[in-house]
Amino acid sequence: MDFDLNESQGMLQDSLRRLLGDKYGFENRKAYMASETGWSRDLWAQYAELGLLGLPFDEEDGGFGGGGEEVMIVAEQMGRHITLEPWFSTVVLGGGFLRHGAEPGLRAAMVEDIAAGGLLLAFAQQERQSRYDLHDVATTAKKDGTGWVITGRKGMVLHGDTADRFIVTARVAGGQRDAGGIGVFVVPARSDGVNIRGFRMVDGSRAAEVEFSAAHAEAVLGDPEGGLPLVNAVVDEAIAALAAEAIGAMDVIHAMTLDYMKTRQQFGRAIGSFQALQHKAADMLVAIEQSRSMAYFATMAARETDAPERRRNMHAVKAQIGRSQRFVGQNAIQLHGGIAMTMEYAAGHYFKRLTVNEAMFGDTDFHLRALSDIGGLVQAA
Amino acid sequence: MELRFTDEERAFRQEVRDFLAAECPEATRQHMIAGKSPTKQMVVEWQRKLNARGWAAPEWPKQYGGTGWTPAQKYIFREELQMWPAPVPLGFNINMCGPVIIEFGTEAQKQRFLPRMLNLDDWWCQGFSEPGAGSDLAGLKCRAVRDGDHWVINGQKTWTTLAQHADWIFVLARTDPAAKKQEGISFFLVDMKTPGITVRPIVTIEGGHEVNEVWFDDVKVPLDHLVGQENKGWDCAKFLLGNERFGQARVGASRERIRRLKIIARETMDGGRPLIEDPEFRRQMTEMEVELKALEMTVMRVIANETKRAGTGKPDPATSVLKIKGTEIQQGVSELLMKAAGPYAWVDGDPDADGSNEWEVAPDWAFGLAGVYFNWRKQSIYGGSNEIQRNIMAKAFLGL
Ligand SMILES: Cc1cc2nc3c(=O)[nH]c(=O)nc-3n(C[C@H](O)[C@H](O)[C@H](O)COP(=O)(O)OP(=O)(O)OC[C@H]3O[C@@H](n4cnc5c(N)ncnc54)[C@H](O)[C@@H]3O)c2cc1C
Chain P
1 MDFDLNESQG MLQDSLRRLL GDKYGFENRK AYMASETGWS RDLWAQYAEL GLLGLPFDEE
61 DGGFGGGGEE VMIVAEQMGR HITLEPWFST VVLGGGFLRH GAEPGLRAAM VEDIAAGGLL
121 LAFAQQERQS RYDLHDVATT AKKDGTGWVI TGRKGMVLHG DTADRFIVTA RVAGGQRDAG
181 GIGVFVVPAR SDGVNIRGFR MVDGSRAAEV EFSAAHAEAV LGDPEGGLPL VNAVVDEAIA
241 ALAAEAIGAM DVIHAMTLDY MKTRQQFGRA IGSFQALQHK AADMLVAIEQ SRSMAYFATM
301 AARETDAPER RRNMHAVKAQ IGRSQRFVGQ NAIQLHGGIA MTMEYAAGHY FKRLTVNEAM
361 FGDTDFHLRA LSDIGGLVQA A
Chain V
382 MELRFTDEER AFRQEVRDFL AAECPEATRQ HMIAGKSPTK QMVVEWQRKL NARGWAAPEW
442 PKQYGGTGWT PAQKYIFREE LQMWPAPVPL GFNINMCGPV IIEFGTEAQK QRFLPRMLNL
502 DDWWCQGFSE PGAGSDLAGL KCRAVRDGDH WVINGQKTWT TLAQHADWIF VLARTDPAAK
562 KQEGISFFLV DMKTPGITVR PIVTIEGGHE VNEVWFDDVK VPLDHLVGQE NKGWDCAKFL
622 LGNERFGQAR VGASRERIRR LKIIARETMD GGRPLIEDPE FRRQMTEMEV ELKALEMTVM
682 RVIANETKRA GTGKPDPATS VLKIKGTEIQ QGVSELLMKA AGPYAWVDGD PDADGSNEWE
742 VAPDWAFGLA GVYFNWRKQS IYGGSNEIQR NIMAKAFLGL
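Residue numbers (our numbering), protein chains in the order written: chain P, 1 to 381; chain V, 382 to 781.
Extracted from the complex, chain P is given alone in its bound form:
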């Protein structure tokens, strides 16, 4: 085990750090958010140039052959700037489906476009009743000649309003909550029977409600009746990326809090001199360091091929980081006082991203319950 970055990893981190340092200040971010797409196309092109968009794909598919470690490095930097671009939806989620589920021909064609910045993907899985259960799918897929038609409604589709193609979970057979009978389909966004309603989420990201009415799928990924393991594998990798993003955001909000504690004067001295606050700030660091360890563990665990074992570990990751990020976010606001309650101050925006990150693909309660239901991490002798 080696926690240090190798040379090319170091270069990746440096170049991204430089780019975001230049282009992703608080004011830049506000402008990107206010723009029509809600994020920066210009930066998207620069991510492509840096190789971030083709990062996790095999070189023979036109990618850069990066692994979980490289994704972690990038996600952490994205978290440090709470970026708005659809990197997570397109490269981590969408890319995950292509890597694990697509036919070589389709994969190569799409990877090339993704890597060049010309193709955006969004994962359409959430339904009104499904909450955090990936297997709770009411949307249907019906055979139509050689292809499939999709009908149903998906909600909170991250970056669904700018996506070119949706990766959609739909039920081919079985009951709404059966693990079997779920397929994963690729549906072009601008096609008949696809109705998209975009909106902004509380953390500044864009999302959409997407209605499929007998929309034609252009491809099916993997076994149309056995897609759930694919979904789980992709989501588990995504959880590792979310973990790294949370670390980036927590590090920044914590540093911001410490800076403020050193400069803000009340009662004739820096508020950082009050022990009650020092202890809170120290507890925040404890939580962050535990989370950082969990983020490494997430990257390690995500490549596990034994699916139940992988799931088990990802539950632990989400539960630990989820708690920590809530604690860190709430206390960052508290230690700042009123200033952090304003839209004009960055801390609140980090707090909001941390709040959304915590519950994405299952909140702390969900994962703790799931983990305890399967007996936790430590087996009784």
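Any given hint could turn out to be false.
[As the list claims (entries may be wrong)] No more than 20 Å apart at the CA atoms, straight line, and that leaves these computed lysine to aspartate or glutamate pairs for EDC-like:
#1 Lys280(P) - Glu768(V)
#2 Lys280(P) - Glu709(V)
#3 Lys262(P) - Glu768(V)
#4 Lys574(V) - Asp548(V)
Hints were generated in silico from the structure; no laboratory data involved.
Assemble the complex: chain P is given as a structure, and chain V with the ligand must be docked to it using the hints.
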């Protein structure tokens, strides 16, 4: 000691409920059930109805428009309003500035301001905090200088809640810069229409506009708008802050939110069954209910004690307990509400811009739940932060 509500008190509760049923506009109630703050118009309309009934300021002495109720009745009244839910009497008028004028003001000030406060003919706001003076309120810099037949105020206030609605502002300003911090401060009543006052909005993290900066540039204030003695404003401030802390227990409001939470938890599916059937979620909710019950009794004890303390001009340090626990419960419940909505809590603002939810991007009840959670982080910061409350307790109770 007699630890039960009397028949009279139970009858009184029914009387309040009947009044709410007959008089509280349904639109106001539904607006508040949805978790939104009542609009200015809703607050004004309701305050006037309360005033017409003689219930505008239950805590005031009877000769100024109070009710003469027993402590239990005062408690019941507030609880019933919050549980309905209906707006409570406007805090700035009824629980902050009014009591200060009653305690420290002149007869002329009482005559002039109190009736208009009761009827919300004047909306007041609180001009205490400044950019450099938050927890350390006595470090304030806003200056008032006497110039012939008036005072001239210069400086900046911030975090002024609902100053955009206000007709008047009560202001702490420094009148003797040479004196020790607390000793050179005075308490002023200032007409918001006075030339030289500028109000600038501050947008809070959930996107709402409830706080403001208020700037004073050579603002002339008549001499008789000083409350109490010159340089003795800190006594008014301490008295007022004690009352403010008291108001933050909001037991009825938390009970109403928990009721709402239960309805939502019945509608939300989780793991193929209603969320309310999840033992862990129920446990978290029940914990809140248990703490709330204890707080309810604590509030009643503090109210009962209030009668004994009347006239001492000093707040009960136990109000710090109410402030800490009341805000922790409210924040905890807002967190559970957001959690109940799951991903659907994340829709920002109002995507249709008209409240119609025509797009149906989330269930009606899910809108704004994350926003309230974000916004309510303020509760442990304002009104004397919860850290400051602990400092107060350490000094007043713990002998440390
Ligand atoms: C939404 C909102 C509405 C408000 N409305 C009004 C209003 O209408 N009128 C008005 O006058 N004010 C209002 N306030 C201001 C509020 O009272 C102040 O925010 C509060 O007093 C804290 O001051 P501060 O924000 O400057 O934080 P600071 O005082 O700078 O505190 C920062 C942190 O340091 C901690 N701290 C400070 N001193 C100590 C100490 N001695 N020991 C331990 N910890 C300490 C605090 O607890 C906090 O965690 C409002 C604030 C908010 C957020």
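Among the hints numbered above, which are violated by the structure, and what are their numbers in rising order? Per hint list: zero violations.
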